[in-house]
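Going down the list, the sequences are from chains V and E. In the numbering used here, each residue's number is its place in the first sequence (first place is 1) plus 45. In the numbering used here, each residue's number is its place in the second sequence (first place is 1) plus 4.
Source of the hints: derived by calculation from the structure; they are not laboratory data. Since the model is a prediction, treat every value here as computed from it, not as a measurement. Any given hint could be a false lead.
Partial list, computed: chain E residues near chain V (C-beta under 10 Å) [as the list claims (entries may be wrong)]:
id: 1; residue: 120
id: 2; residue: 157
id: 3; residue: 169
id: 4; residue: 278
The beta carbon of each residue, even a glycine, is placed where N, CA and C say it ideally should be.
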Amino acid sequence: MAINRAYVYIEVDAKGVRRTVRQALTAAAVIAPGAEIIAVVASAKGDADAAAASMLKVAKVVQADAAVASSQAAAKAIAQIVKAQGPGVVVFGNTSLGREVAPCLAQELGLPLVPDVTSAQVVGDHVEFVRPIYAGKAMAKVKPLAETFVVTTRANAFLDNNESGAAPVEKATVALTADDQKAKVVSLVQRDTTKIELTEADAIVSGGMGLGKAEGFKQVEALADALRAAVGASRAAVNAGWVDHTQQVGQTGKTVSPTLYVALGISGAIQHQAGMSSSKCIVAVNKDPEAPIFQVADYGIVADLYSVVPLLTEEIKKVK
Amino acid sequence: MAEGLRIVVCVKQVPDLSVKVAEPLRSNGTINRAAFPAIINPDDLCALEMGLLIREVRGGRVKVVSMGPPTAAEALRDCLCRGADEAILICDSRFAGSDTFATAVILAAAMRRIGSVDLILCGRQTADGDTGQVGPELAGLLGLPQITRISELMSIERGHVLARRNLDESTQIVEAPLPCLLTVNRGANLPRIQNARLTGRFKKARAPSEVQGQGIEQLRQKGLLIEEWSADDLGIESHQCGIEGSPTRIAMVEAMSVAQSQQVEIPATEAGMDDLVRMLAAKGII
C-alpha cells in the first residue's frame with residue numbers, strides 16, 4: 046500500500062516558507078517514501094505564498110484560486126484540491142494555524158488525524174507515529190488505520206533539509222461559499238518579526254518568577270544573545286507583565302522543542318514542562334533544589350541565577 | 005434575543021497528573037490513570053466559566069455535556085455545583101475506545117438532539133490526549149463557524165461574537181455570527197469554585213447509570229436528574245462509534261519523562277560553567 050502523493054500545507058512568514066513547514070516536507074518524505082510531494086497554498090495572499098512555495102524542492106505547487114479568509118475555508122479549499130489531484134496524505138506543520146486547519150480538513154475528508162507528531166516510521170504497510178500525550182509525560186505510538194490520513198508535525202522534530210528548487214505553480218479552481226468564511230479576522234497585530242520565532246528557534250533561554258522583576262529579563266536576554274537564542278518565559282512571568290504573551294512557553298503558550306532549552310528561575314510546573322520537555326537538551330538554573338524543572342533537566346544548577354548566569358554568559362561568549 | 009442565549013459547554017473528565025501518587029505507572033510502563041484523581045479538564049473549566057459569565061450578562065441557559073463512563077457524572081455534578089443549569093451524560097459501553105473523530109460524531113448527534121443552540125463552548129484541548137481536535141471537528145460536522153484558542157471574549161452582541169486569540173506571531177481579533185463554536189484557552193478567565201448553596205443541592209444529583217435506574221422519577225421531580233443519553237437515544241450505530249468508528253488507533257503508550265534520564269548537577273562556579281559549556285559543545289548542542 047504505497048502512498049502516491051503527499052500534500053504539504055504551506056504557510057509563509059516574512060522570511061519565506063515557515064521553517065516548521067519546511068520540516069513538515071521532510072516528514073512527508075519519511076511518511077510516504079518516493080511519493081510525489083505537492084505544496085498546497087490556500088491563503089489570503091495566494092500569489093505571494095505560491096511564489097515562495099515555488100522555491101521549494103517539490104513536485105509542484107497547487108494554489109487555490111480563491112482568497113481564503115478562515116481556517117474552515119482553507120480546509121474546504123484543500124479538500125477540493127486533494128479530491129481533484131487524487132488521494133494522499135496531508136502534512137501540516139504543527140503551528141497555531143496548522144493545528145486549526147488540520148482537524149477541519151480531517152473532518153471534511155473523513156480521514157484520521159494524528160496531531161503534533163515527533164517521529165514517523167514506516168512499519169510494514171502502516172506508518173507509526175510517536176506523539177507526546179499527558180502534557181509530555183508519556184509518548185503514544187499512534188497508527189492511522191486508513192490508507193491516507195492527516196498529520197501535523199511538531200516544530201524541530203524533523204530536520205529542514207529541503208533544497209531550493211523551481212517548482213511549477215498550478216492554479217486550482219475551488220468553490221467557497223460565504224458560509225465557509227463566516228468567521229472573519231477583523232484585526233491583526235503582527236509582532237516584531239526581526240526576532241527569532243520561539244517555536245522555530247534552535248536555542249531558547251526562558252525566564253520565570255525567579256528573576257524577581259521585569260529588569261531580570263536583561264540577564265535572560267544577555268545569555269540569549271550570546272547563544273543566538275530566542276527568549277521565552279513562563280506563564281507567571283507573562284502574567285506579571287514582564288514580557289509579551291508571544292514569548293510564553295507551556296500548555297497555554299507555545300510548545301517548543303529546540304536543541305537547547307535554558308530555564309532560568311522557572312520552577313517548571315507540569316504546564317510549563319508540557320511546552321518544553323521534548324527539547325533535546327535542558328539546562329535549568331534554580332535556587333530551589335526541589336523545583337520540578339530539575340526532573341526534566343539534563344544539566345541542573347542549584348544557585349542564585351544572578352550570580353551564575355553572568356558566568357555562564359561569559360563562558361558561552363568564549364566559544365561562540 | 006429576549007429569552008437569552010442557549011449555551012452548551014462540552015467537558016471531559018481527565019486524570020490530574022500534577023498530583024504526586026505512589027504508583028504513577030502500571031507494570032507495563034503505561035500511565036496508571038486510576039491512580040490519579042479525576043478532574044474536569046482545565047481548559048473545559050475555562051469554557052464553562054465563559055458560558056456562565058455570558059449568561060450573567062446576557063441571560064440564558066448553560067447546559068453541560070460530557071461523554072464518558074458513568075463516573076463522568078461526577079464532572080457534571082461539579083459543573084452543576086459551579087452554576088450550570090443542566091447536565092447531560094453521553095454514556096454507552098459502545099462508545100469506549102472512540103477517537104476524536106468518533107467523539108465529535110457522537111457529540112454532534114447530542115447537539116442535534118439538544119436542538120437549537122446559539123453557542124457551543126469547548127476547551128482548547130484536553131490534558132490527557134492533547135489533541136485539540138474535537139472542537140473543530142464538531143464545528144465542521146454541525147456546519148458551524150468556529151473561533152479556536154480564544155483568550156478573551158470581547159463582545160457578544162447583535163448576533164455576533166468578537167474574540168481575541170493569540171497565534172504564534174500575532175494577535176487576531178475574530179468575528180463570527182451566532183450560532184458558532186468557540187474553543188477556549190486556559191487562562192482566558194479564572195474559573196469559579198463550587199458554590200456552597202448549589203453544592204448543597206446538587207451533590208445529590210445522579211445520572212441513571214449511577215443509580216442502576218432506581219428512583220429516576222424522584223430525582224427528576226426534585227430537579228436532580230442528570231440526563232443520560234445512549235447510542236440508541238442519539239441514533240448512533242455501532243460502526244460510527246467506539247473502536248469500530250475510530251480511524252486512528254493508539255498502538256501503545258510509553259511513559260517518557262517519568263522514567264528519568266540521569267541529570268548532571270553542575271556546581272555554580274566559573275569552573276562549573278566552563279565544564280558545562282564544554283560538554284554542550286562536545287555534544288554539538290552549541
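Results of checking the hints against the structure:
1. For residue 120 of chain E, the interface hint is violated, the least distance from its beta-carbon to any beta-carbon of chain V being 17 Å, above 10 Å.
2. For residue 157 of chain E, the suggested interface contact is broken, since its CB lies about 14 Å from the closest CB of chain V, more than 10 Å.
3. Given hint, residue 169 of chain E at the interface with chain V, holds; its Cβ is 8 Å from that chain's nearest Cβ, closer than 10 Å.
4. A least Cβ separation of about 5 Å between residue 278 of chain E and chain V falls short of the 10 Å threshold, and the interface hint therefore holds.
Hint check: violations occur at hints 1 and 2; the rest are consistent with the structure.
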